[in-house]
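Undergrad: Residue numbers (my numbering), protein chains in the order written: chain A, 254 to 744; chain B, 254 to 744.
Check before you lean on any hint, since a few could be wrong.
In this list, chains with the same sequence are indistinguishable; a pair is considered to hold if it fits within one copy or across any two.
Unchecked claim - Straight-line alpha carbon distances no greater than 25 Å define the calculated DMTMM-like cross-link-like pairs of lysine to aspartate or glutamate that follow:
{"no.": "1", "residue 1": "Lys309", "residue 2": "Asp345"}
{"no.": "2", "residue 1": "Lys309", "residue 2": "Glu348"}
{"no.": "3", "residue 1": "Lys437", "residue 2": "Glu496"}
{"no.": "4", "residue 1": "Lys437", "residue 2": "Asp319"}
{"no.": "5", "residue 1": "Lys617", "residue 2": "Glu420"}
In case anyone wonders, no lab produced these hints; they're calculated from the structure.
There are 2 protein chains.
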Amino acid sequence: MSDFRSHLAQICDLNHAAAVLEWDQETYMPSAAAEARAHQIATLRRLAHELLVSEKTATHLEKGSDESSSDDDALYRVTQRDFDRAIRIPADLVEELAETAALARQAWRTARESDTFSTFAPHLEKIVELNLRKAEAVGYDEHPYDALLDEFEPGMKTAEVANVFAELRDQLVPIVQALTAEVKPDDRMLHRHFPHDAQWDFGVGVITDFGYDFNRGRQDLSTHPFTTTFSISDVRLTTRVDEAFFNPAFFGTLHEAGHGMYEQGVDGALERTPLADGTSLGMHESQSRLWENLVGRSRGFWSHYYPKVQNAFPDALGDVSEENFYRAINRVENSLIRVEADEVTYNLHVMVRFELETEMIEGKIGIADLPEAWNDRIEAFLGIRPSNDAEGVLQDIHWSLGAIGYFPTYALGNLMSTQLFDQANSDIPDLSSQISSGSFEALLEWLRTHVHRHGRKKSANEILTDATGTGLSVESWIHYIRRKYEDLYGL
Amino acid sequence: MSDFRSHLAQICDLNHAAAVLEWDQETYMPSAAAEARAHQIATLRRLAHELLVSEKTATHLEKGSDESSSDDDALYRVTQRDFDRAIRIPADLVEELAETAALARQAWRTARESDTFSTFAPHLEKIVELNLRKAEAVGYDEHPYDALLDEFEPGMKTAEVANVFAELRDQLVPIVQALTAEVKPDDRMLHRHFPHDAQWDFGVGVITDFGYDFNRGRQDLSTHPFTTTFSISDVRLTTRVDEAFFNPAFFGTLHEAGHGMYEQGVDGALERTPLADGTSLGMHESQSRLWENLVGRSRGFWSHYYPKVQNAFPDALGDVSEENFYRAINRVENSLIRVEADEVTYNLHVMVRFELETEMIEGKIGIADLPEAWNDRIEAFLGIRPSNDAEGVLQDIHWSLGAIGYFPTYALGNLMSTQLFDQANSDIPDLSSQISSGSFEALLEWLRTHVHRHGRKKSANEILTDATGTGLSVESWIHYIRRKYEDLYGL
Numbered sequence: 254m255s256d257f258r259s260h261l262a263q264i265c266d267l268n269h270a271a272a273v274l275e276w277d278q279e280t281y282m283p284s285a286a287a288e289a290r291a292h293q294i295a296t297l298r299r300l301a302h303e304l305l306v307s308e309k310t311a312t313h314l315e316k317g318s319d320e321s322s323s324d325d326d327a328l329y330r331v332t333q334r335d336f337d338r339a340i341r342i343p344a345d346l347v348e349e350l351a352e353t354a355a356l357a358r359q360a361w362r363t364a365r366e367s368d369t370f371s372t373f374a375p376h377l378e379k380i381v382e383l384n385l386r387k388a389e390a391v392g393y394d395e396h397p398y399d400a401l402l403d404e405f406e407p408g409m410k411t412a413e414v415a416n417v418f419a420e421l422r423d424q425l426v427p428i429v430q431a432l433t434a435e436v437k438p439d440d441r442m443l444h445r446h447f448p449h450d451a452q453w454d455f456g457v458g459v460i461t462d463f464g465y466d467f468n469r470g471r472q473d474l475s476t477h478p479f480t481t482t483f484s485i486s487d488v489r490l491t492t493r494v495d496e497a498f499f500n501p502a503f504f505g506t507l508h509e510a511g512h513g514m515y516e517q518g519v520d521g522a523l524e525r526t527p528l529a530d531g532t533s534l535g536m537h538e539s540q541s542r543l544w545e546n547l548v549g550r551s552r553g554f555w556s557h558y559y560p561k562v563q564n565a566f567p568d569a570l571g572d573v574s575e576e577n578f579y580r581a582i583n584r585v586e587n588s589l590i591r592v593e594a595d596e597v598t599y600n601l602h603v604m605v606r607f608e609l610e611t612e613m614i615e616g617k618i619g620i621a622d623l624p625e626a627w628n629d630r631i632e633a634f635l636g637i638r639p640s641n642d643a644e645g646v647l648q649d650i651h652w653s654l655g656a657i658g659y660f661p662t663y664a665l666g667n668l669m670s671t672q673l674f675d676q677a678n679s680d681i682p683d684l685s686s687q688i689s690s691g692s693f694e695a696l697l698e699w700l701r702t703h704v705h706r707h708g709r710k711k712s713a714n715e716i717l718t719d720a721t722g723t724g725l726s727v728e729s730w731i732h733y734i735r736r737k738y739e740d741l742y743g744l
Numbered sequence: 254m255s256d257f258r259s260h261l262a263q264i265c266d267l268n269h270a271a272a273v274l275e276w277d278q279e280t281y282m283p284s285a286a287a288e289a290r291a292h293q294i295a296t297l298r299r300l301a302h303e304l305l306v307s308e309k310t311a312t313h314l315e316k317g318s319d320e321s322s323s324d325d326d327a328l329y330r331v332t333q334r335d336f337d338r339a340i341r342i343p344a345d346l347v348e349e350l351a352e353t354a355a356l357a358r359q360a361w362r363t364a365r366e367s368d369t370f371s372t373f374a375p376h377l378e379k380i381v382e383l384n385l386r387k388a389e390a391v392g393y394d395e396h397p398y399d400a401l402l403d404e405f406e407p408g409m410k411t412a413e414v415a416n417v418f419a420e421l422r423d424q425l426v427p428i429v430q431a432l433t434a435e436v437k438p439d440d441r442m443l444h445r446h447f448p449h450d451a452q453w454d455f456g457v458g459v460i461t462d463f464g465y466d467f468n469r470g471r472q473d474l475s476t477h478p479f480t481t482t483f484s485i486s487d488v489r490l491t492t493r494v495d496e497a498f499f500n501p502a503f504f505g506t507l508h509e510a511g512h513g514m515y516e517q518g519v520d521g522a523l524e525r526t527p528l529a530d531g532t533s534l535g536m537h538e539s540q541s542r543l544w545e546n547l548v549g550r551s552r553g554f555w556s557h558y559y560p561k562v563q564n565a566f567p568d569a570l571g572d573v574s575e576e577n578f579y580r581a582i583n584r585v586e587n588s589l590i591r592v593e594a595d596e597v598t599y600n601l602h603v604m605v606r607f608e609l610e611t612e613m614i615e616g617k618i619g620i621a622d623l624p625e626a627w628n629d630r631i632e633a634f635l636g637i638r639p640s641n642d643a644e645g646v647l648q649d650i651h652w653s654l655g656a657i658g659y660f661p662t663y664a665l666g667n668l669m670s671t672q673l674f675d676q677a678n679s680d681i682p683d684l685s686s687q688i689s690s691g692s693f694e695a696l697l698e699w700l701r702t703h704v705h706r707h708g709r710k711k712s713a714n715e716i717l718t719d720a721t722g723t724g725l726s727v728e729s730w731i732h733y734i735r736r737k738y739e740d741l742y743g744l
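Let the sequences and hints guide you as you build the complete structure.
TA: What follows is the structure, given as structure tokens:
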């Protein structure tokens, strides 16, 4: 291993070790250990950061590579980008953001529980201010939000997101209006009793069929589901189980497995390099949403799995027809909570957050006015209005973590998911009949070839363009929604 | 926090993070992840080592403390000792030992499975040679084995161990001969069916009664039981369950809980310093053996717990009297496998290993002659002879890990356990009736006060002397064995 690669490998080791400690914290750690654990994670992350911004990294980057393989080119290019970003943000700003976020997270929890935005407001004010300083430190051409967005969706610009979202809104709002004017499918059977172990086993069975590799991963319980990577050979999922509701465990498991298969599919040659990771949060979300929605909420999928799910939950689903179940899991309605939204209205929730974030960063909207602005915007997009801030501006954890610029990647991922899935269907002519017979090898292989294996060697835009011939666009997703829901609702 | 303390805290964080990764490897990690995990652990341990032997440590140690609290004195003294030891062992020797051990472990497994010592012999040869180089690097006054022993039992000398063991052997062998000449108690009921979950729950119930704090720890399954510490607030145990044998899970759980309560009992003020650890392996073992044997195999303990264990395992123990159960769990016999030996003969197994280790280090015994020497020595001590090397020289993992000088601490721990327990009984006059009523607060509090809270601030010898008025000796343990087994066997 070259000196540069072994230097980068150490940084990877430290970050992956921190990920193990974070995973343990969410799954098995006794709660009294939180303070000591926070110190340990901070030490690992700080050492990783110090190694990244070290003289050694700088010297290697200046000298450049002796070889000229595509792997090596990408390694230098991506490391340079990470280095530039890391070195521009002063250490005391990083520290201030971490400390502010730690306090903000506590304040957010209290504020949400007691529905008092004013408890959280001063923390959010500081987070916005620190994010602005971060944007100035990183630098940008057009919009300070560009510098923030770039952390989560490298190369993406605020203006592009705004354009895409404007087009999406124009086309989506009339669809939502038409769909929500219809009689909603009955979904009460999803709220019957679904025993814990049967939910666990059914989900595990399906993602094993998908191709999530349990020899190189595992699934555990946690309050908030997530996927985390310790190496290409160790990519773990978590899920949560609600015995009174079928959806969270099942669709959550498919969703996380989509993230997990992305990370498991990275080329083994990239192990212990910064290239062994998803290329952007949008591309990551495209994988989770593809398996969760495009596969897991499709007619074909359930034509294979409905007898199995009935068999797993005879008491809850024995008297429910496949068609009624399919309609229930695809019920569309205007709702207030993003994480519970259906796939049609979900993007509208994201757009509201994107608009508010950019306006906060531009200083166009003050923190004190945010709850009102949130409610107005939700009403404008979704036709309903939150009755309190807990179901409004206080519902998401992201801002309290210090993250501004994260939300749009959820919607970008939805758009990418159908673009990639359309192409997979075109390249694998009988894909839909494969899915209807519970066979996913060809789909996973297609995703591995075109998306997963590249890791960060290709940008999200390169992956999209190379795989589908076009960059990000809304047509594919709108077409998918229209086709699926016109069939479902007989519009 | 002073600059020195925050420097030491980082080292602690790195070592504790490595411990989390090691725990995960033994409990939950998918097996395919072993190679990546090995890199991660090596990186963390190496960075911790580099920080310990850094110029920064040296400068602080030279300058000395501004304060003169007892904590600070101990911190400088113990860090100086760790620093001296670490800096004397060349980095390439450390690396060679690690690499040799990694290969040796594989070879040992193969050798044990196929009963071919020759497969392991060249690895052991190299391990002895590297340990000799290590001893020379560390330095010693009298015996190279002193330098190795010191890693596990700081301050203890080979000559002292040899003297103590000689005395122990003289007194113990006639006792063993007398006991093994008697009719052995029937212990077949311990090999009936003990359901997994009932074993788990019964063990957890007892160690909760002991005072092991599940709010600052947890218990998981692993192939080989161990205790590991991530912070004073996070000390974890593992156990294994054999449904066809009562002893391994139950006594293993008590044993590990003894280790765990020691680590949980360290003074919170020592957190994130090198003082927050057991002071020696012998003292550690004294705690595990005290709870496992002096409490957990005592008449008084079972007068309280026997109805409970019958209730937990009605099919296996419903028809067994308390007396017969008590006699079964205290059955003494000459056997070949150390980890399965009873508390009376156990020390003889340890003495054999100590003698062979010192002779290997002195060059008095060649590796090729070791199997024969092992068998001869076992026969001399225990009166039975292994029929193959798998139940002879190949039974223990320690040498394959590169560890020479570890074994004696097992027997030293046994000796210390009764010395401390005698004093506790003397300081708490009704301790035995407390134990007979399932009350352990006073005992744990005594151990906390005299042993646990000090961490590494006091040496094992200081703890013993301060608590009991005398240093290490064999009388107390011999007296305990004589009294207990004369009663049991009516000698």
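Undergrad: Classify it for me, Lys437 with Glu496: is the Cα-Cα distance of at most 25 Å met within a copy, between copies, both or neither?
TA: Within one copy, since 24 Å is at most 25 Å while 53 Å is not.
Undergrad: Between Lys617 and Glu420, at a C-alpha cutoff of 25 Å, which is it: within one copy, between copies, both, or neither?
TA: Result: close within a single copy only, 23 Å intra versus 86 Å inter.
Undergrad: Under a CA distance limit of 25 Å, which applies to Lys309 and Asp345: within one copy, between copies, both, or neither?
TA: both (22 Å within a copy, 22 Å between copies)
Undergrad: Pop the pair Lys309 and Glu348 into one bin, within, between, both or neither, using alpha-carbon distances up to 25 Å.
TA: For Lys309 and Glu348, the Cα distance is within 25 Å both inside one copy (23 Å) and across copies (23 Å).
Undergrad: When no copy is named, should Lys437 and Asp319 be tagged within, between, both, or neither for a Cα gap of at most 25 Å?
TA: neither (63 Å within a copy, 74 Å between copies)
When each numbered hint is compared with the structure, a violation occurs for hint 4 only.
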